[in-house]
Amino acid sequence: GAVVSQHPSWVICKSGTSVKIECRSLDFQATTMFWYRQFPKQSLMLMATSNEGSKATYEQGVEKDKFLINHASLTLSTLTVTSAHPEDSSFYICSASGKLAGGSDTQYFGPGTRLTVL
Amino acid sequence: AQSVTQPDIHITVSEGASLELRCNYSYGATPYLFWYVQSPGQGLQLLLKYFSGDTLVQGIKGFEAEFKRSQSSFNLRKPSVHWSDAAEYFCAVGAGGGNKLTFGTGTQLKVEL
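Residue numbers (our numbering), protein chains in the order written: chain A, 315 to 432; chain B, 1151 to 1263.
These are computed hints drawn from the structure, not numbers from a lab. Warning: the hint list may mix true and false statements.
Unchecked claim - Quick list of the computed label-pair ranges, beta carbon to beta carbon:
{"no.": "1", "chain 1": "B", "residue 1": "P1190", "chain 2": "A", "residue 2": "C327", "range": "21 to 27 Å"}
{"no.": "2", "chain 1": "A", "residue 1": "E401", "chain 2": "B", "residue 2": "I1161", "range": "27 to 33 Å"}
{"no.": "3", "chain 1": "A", "residue 1": "A386", "chain 2": "B", "residue 2": "W1233", "range": "41 to 47 Å"}
{"no.": "4", "chain 1": "A", "residue 1": "F353", "chain 2": "B", "residue 2": "A1179", "range": "43 to 49 Å"}
{"no.": "5", "chain 1": "B", "residue 1": "S1220", "chain 2": "A", "residue 2": "T394", "range": "45 to 51 Å"}
{"no.": "6", "chain 1": "B", "residue 1": "S1176", "chain 2": "A", "residue 2": "T396", "range": "33 to 39 Å"}
{"no.": "7", "chain 1": "A", "residue 1": "E401", "chain 2": "B", "residue 2": "Q1208", "range": "25 to 31 Å"}
{"no.": "8", "chain 1": "A", "residue 1": "T371", "chain 2": "B", "residue 2": "L1206", "range": "33 to 39 Å"}
{"no.": "9", "chain 1": "A", "residue 1": "H321", "chain 2": "B", "residue 2": "G1166", "range": "36 to 42 Å"}
{"no.": "10", "chain 1": "A", "residue 1": "S329", "chain 2": "B", "residue 2": "P1190", "range": "25 to 31 Å"}
{"no.": "11", "chain 1": "B", "residue 1": "E1170", "chain 2": "A", "residue 2": "T394", "range": "31 to 37 Å"}
Where a beta carbon is used, it is the ideal one built from N, C-alpha and C, also for glycine.
Chain A extracted, bound-state conformation:
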């Protein structure tokens, strides 16, 4: 149980275009999902917290107009990188918070999406 998928796993786009990344919890419902960004050989930096049916909460320094987050259902959150530029190239990872039977709330991570902006 507790599988989180991301799509696409990798994407290459031209500068100025927008890219949408999907994060799905496959076998549990997640009221909260998180979006992280990871640069090569570095740790994960939280970008925003996504709650189903409400606006996302962005971390300080993250441009909410550039990184649009939508959490339309209990199993799906999307991150759209608008007007992407080469400096947005990174590894984007989502996580979904869920409570499996008999367990406690835990974050389960997706496999990540590698974004390369040319």
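With the hints as your guide, set chain B onto chain A.
Structure of chain B alone, referenced to chain A:
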């Protein structure tokens, strides 16, 4: 503010040797502590977590970690390392499993055959 320190950026051990990865945290209340492992180009897999109770927690793949409140530490251990354990290991702290996590900078584990 919460923070996590992983003092060792790289660690190399021989296959079959024991392993200890260090993690120190700063948190104002009772912390929820996690260890995750990441293989190259992959997402994170939860190894184990500590919320309360027994301070020695067992995880998957033969890993265990001990919570020591007096030392603000949550070190990860494994008695005998396998070559497949080579990966990046992250310690994280949060207010709860469903709350945002703060990650350490990670420790890259290399296993010599």
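Hints, verified against the model:
1. In this structure the hint that P1190 (chain B) and C327 (chain A) lie 21 to 27 Å apart at CB holds, the actual value being about 23 Å.
2. A C-beta distance of roughly 31 Å is found between E401 (chain A) and I1161 (chain B), which places it inside the suggested range of 27 to 33 Å.
3. For A386 (chain A) paired with W1233 (chain B), a C-beta distance near 43 Å keeps the hint of 41 to 47 Å intact.
4. Take F353 (chain A) and A1179 (chain B): their Cβ atoms lie about 30 Å apart, and the range 43 to 49 Å is violated.
5. Checked against the hint of 45 to 51 Å, the C-beta distance between S1220 (chain B) and T394 (chain A) comes to roughly 46 Å, which is consistent with it.
6. Remark: the range hint 33 to 39 Å for S1176 (chain B) to T396 (chain A) is upheld by a beta-carbon distance near 35 Å.
7. Separation of E401 (chain A) from Q1208 (chain B) is about 42 Å and departs from the stated range, judged on CB atoms against 25 to 31 Å.
8. Here the CB-CB span from T371 (chain A) to L1206 (chain B) is close to 35 Å, well matched to the stated 33 to 39 Å.
9. At roughly 39 Å, the beta-carbon separation of H321 (chain A) and G1166 (chain B) lies within the given 36 to 42 Å, and the hint holds.
10. About 27 Å separates the C-beta atoms of S329 (chain A) and P1190 (chain B), a value consistent with the hinted range of 25 to 31 Å.
11. The hint said 31 to 37 Å for the Cβ distance between E1170 (chain B) and T394 (chain A), and at roughly 42 Å that hint is violated.
When each numbered hint is compared with the structure, violations occur for hints 4, 7 and 11.
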